[in-house]
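Peer 1: The lines below spell out each chain.
2 protein chains.
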Amino acid sequence: MKFGFGIDVGGTTVKLGLFTQAGELLEKWEIPTNTEHEGEAILPDIARAVADCMSRRGLSREDCLGLGIGVPGPVSDSGIVNKCANLGWGVFDLHKTLGDLTGLPVKGGNDANVAALGECWKGGGQGHSSMVLATLGTGIGGGIVIDGKILFGAHGAAGEIGHVTMDKHETEPCGCGKFGCAEEYGSASGLTRLARRAMAKSALPSPLRALEKPTAKDVFDLAAQGDALALEVREEYFDVLGQFLAGVCCVVDPEIVVLGGGVSKAGPVLAQGVQRHFVPYMFHTGRGIRFALATLGNDAGIYGSFKLALDQFGG
Amino acid sequence: MKFGFGIDVGGTTVKLGLFTQAGELLEKWEIPTNTEHEGEAILPDIARAVADCMSRRGLSREDCLGLGIGVPGPVSDSGIVNKCANLGWGVFDLHKTLGDLTGLPVKGGNDANVAALGECWKGGGQGHSSMVLATLGTGIGGGIVIDGKILFGAHGAAGEIGHVTMDKHETEPCGCGKFGCAEEYGSASGLTRLARRAMAKSALPSPLRALEKPTAKDVFDLAAQGDALALEVREEYFDVLGQFLAGVCCVVDPEIVVLGGGVSKAGPVLAQGVQRHFVPYMFHTGRGIRFALATLGNDAGIYGSFKLALDQFGG
Chain A
12 MKFGFGIDVG GTTVKLGLFT QAGELLEKWE IPTNTEHEGE AILPDIARAV ADCMSRRGLS
72 REDCLGLGIG VPGPVSDSGI VNKCANLGWG VFDLHKTLGD LTGLPVKGGN DANVAALGEC
132 WKGGGQGHSS MVLATLGTGI GGGIVIDGKI LFGAHGAAGE IGHVTMDKHE TEPCGCGKFG
192 CAEEYGSASG LTRLARRAMA KSALPSPLRA LEKPTAKDVF DLAAQGDALA LEVREEYFDV
252 LGQFLAGVCC VVDPEIVVLG GGVSKAGPVL AQGVQRHFVP YMFHTGRGIR FALATLGNDA
312 GIYGSFKLAL DQFGG
Chain B
12 MKFGFGIDVG GTTVKLGLFT QAGELLEKWE IPTNTEHEGE AILPDIARAV ADCMSRRGLS
72 REDCLGLGIG VPGPVSDSGI VNKCANLGWG VFDLHKTLGD LTGLPVKGGN DANVAALGEC
132 WKGGGQGHSS MVLATLGTGI GGGIVIDGKI LFGAHGAAGE IGHVTMDKHE TEPCGCGKFG
192 CAEEYGSASG LTRLARRAMA KSALPSPLRA LEKPTAKDVF DLAAQGDALA LEVREEYFDV
252 LGQFLAGVCC VVDPEIVVLG GGVSKAGPVL AQGVQRHFVP YMFHTGRGIR FALATLGNDA
312 GIYGSFKLAL DQFGG
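For the record, the sequence lines run as chains A and B. Here the first sequence is numbered in the working numbering, starting from 12 and rising by one per residue. Here the second sequence is numbered in the working numbering, starting from 12 and rising by one per residue.
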């Protein structure tokens, strides 16, 4: 029986998981992400945490099939990181650098893509071999799995679905500098924007108006209570996501779409609402594409990154 | 040296090519497509044409690695055709049916996807391993190549990029029954629609107004002569395609986009114009994605379908 590590690097913490080759998560823990000095300590800190765990468990290098790692930026299939602004990282060879530090085979990927692989393997997409993950948080992250494998893309940026332009006439810029990106409407903060605009346009009274900055949760809660304006905003939000995800599915034609991120806490009403609006926007061959919620939460990254290593080095 | 066939089934003719395993096209010819009685004669006619060629050249089954075939409808990776309206075909196993008729291993694909593989192998995308092909004809066909292989999709419909919804407020229906599909603006007939709308909206005089139904060629020809209205329409057309293809590229992140179909006869001005509009719509990681014109014309399908067979059966 061999073992392996799944590692998910975030802007404030690094999550680590020790897995058996059979896919069982034996242990998970976190260390802080030290972004000082262009993040130069991050990989050495990870290598130390891995070495500590191996020593504590009496594992040799030969006992370990390898290490998978997800990072918040584009990573090519061959392991070249092309800048991670959150970490201070520039361009470098992640496989070689972390491989030299740990003495283990390393396979890296973009964090959103790696989370998609995790959800497809053990989460909301389990049992499917092709999947689109849309992570609806502050922005929209995404990852695409085809034949059970991450679609990396030529520049490590496949699945950057949040930056598909939906409204070229938009006047408020997206965080990426473009205008009218899907994440300006379909993320949690996008839902806030839709609520703000609906309040300005409509005369409907609503408890939403008493809130200084209504959150995604406020809109879903009030809609569940039957508030007309919140229902209108929620419906528009479903419509935005339905149109957006139909576009993505026309391109890659997956078996299932999995919705994750903070907004997915709204529950089945989200998946059902988005699917209802998706169908009329979708080309006929894909109208049966299923919708599900992500189930692994913050563990999707360690599951997915371990799976990356397992597929690459598991024999 | 082994040989193989590449076959491209269209609504009026079937194109056939005999290739060497090294990828040299030795001979190409056409037979009519007999769509009577739900297209029941099409595959037997193809089998006869293949057998005639083998007999004429003294080739045994052992001399042939197999046969690739592109058909105008969705085909799954395992060879299940899911209706080809143009041919009258329903749902059936193409690999088994044509395999039984010819005695050769068969690998099938959707015609647009197969053309993409051909263009990636020997055409406008040569030297690249990932590519998006957009075929700008009466509609917009598409095909996606990843790591040198066709992206089939779970329902055989990956690359149906023409049916991404661009304007949900559109009132004229697309041929598919939806409203506001990319092909309503980005195809040859879409360009005609843009011209019609521009003439209605603008007061600019233009020779375009004297034409009963200006074609894509009329718009490009008049724009090349400096006609202001035609230039405006052409610019809007480039913008539609730039936005549309940036969306596709945010999803799959290819190395290159290849433009084919009737509109691509406009030449380099098309690829350059679309790329110019693509860049501001594209996420920063993909702004260097190249644009090129398709070069194989009507032979893309036979090249691509032979390549399908070569990859599957060529050892």
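Hints in this document: simulated from the structure, not taken from any laboratory. One thing to keep in mind: the hints can contain errors.
It does not matter which identical chain is used: a pair holds within one copy or between any two.
Mimicking SDA-like on lysine to any residue, the simulated pairs with C-alpha atoms at most 25 Å apart in a straight line are [what the hints assert, rightly or not]:
#1 Lys133 - Cys64
#2 Lys189 - Ala282
#3 Lys189 - His295
#4 Lys189 - Leu307
Nothing here was measured: the structure is a model prediction, and the numbers come from that model.
Peer 1: Decide, hint by hint, whether the structure agrees.
Peer 2: Do the hints match the structure? See the list:
1. Taking identical chains as interchangeable, the C-alpha atoms of lysine 133 and cysteine 64 lie at most 25 Å apart only when both belong to the same chain, with a minimum of 24 Å there against 51 Å between chains.
2. In this homomeric assembly, lysine 189 and alanine 282 come within 25 Å of each other (Cα to Cα) only across copies, at 22 Å, whereas the closest approach inside a single copy is 28 Å.
3. When the C-alpha separation of lysine 189 and histidine 295 is checked against a cutoff of 25 Å, the pair qualifies only between copies, where the shortest distance is 9 Å, while the shortest distance within a copy is 31 Å.
4. Taking the shortest Cα distances, lysine 189 and leucine 307 never come within 25 Å of each other, neither inside one copy (31 Å) nor across copies (35 Å).
The structure does not agree with numbered hint 4 stated previously, though it agrees with all others.
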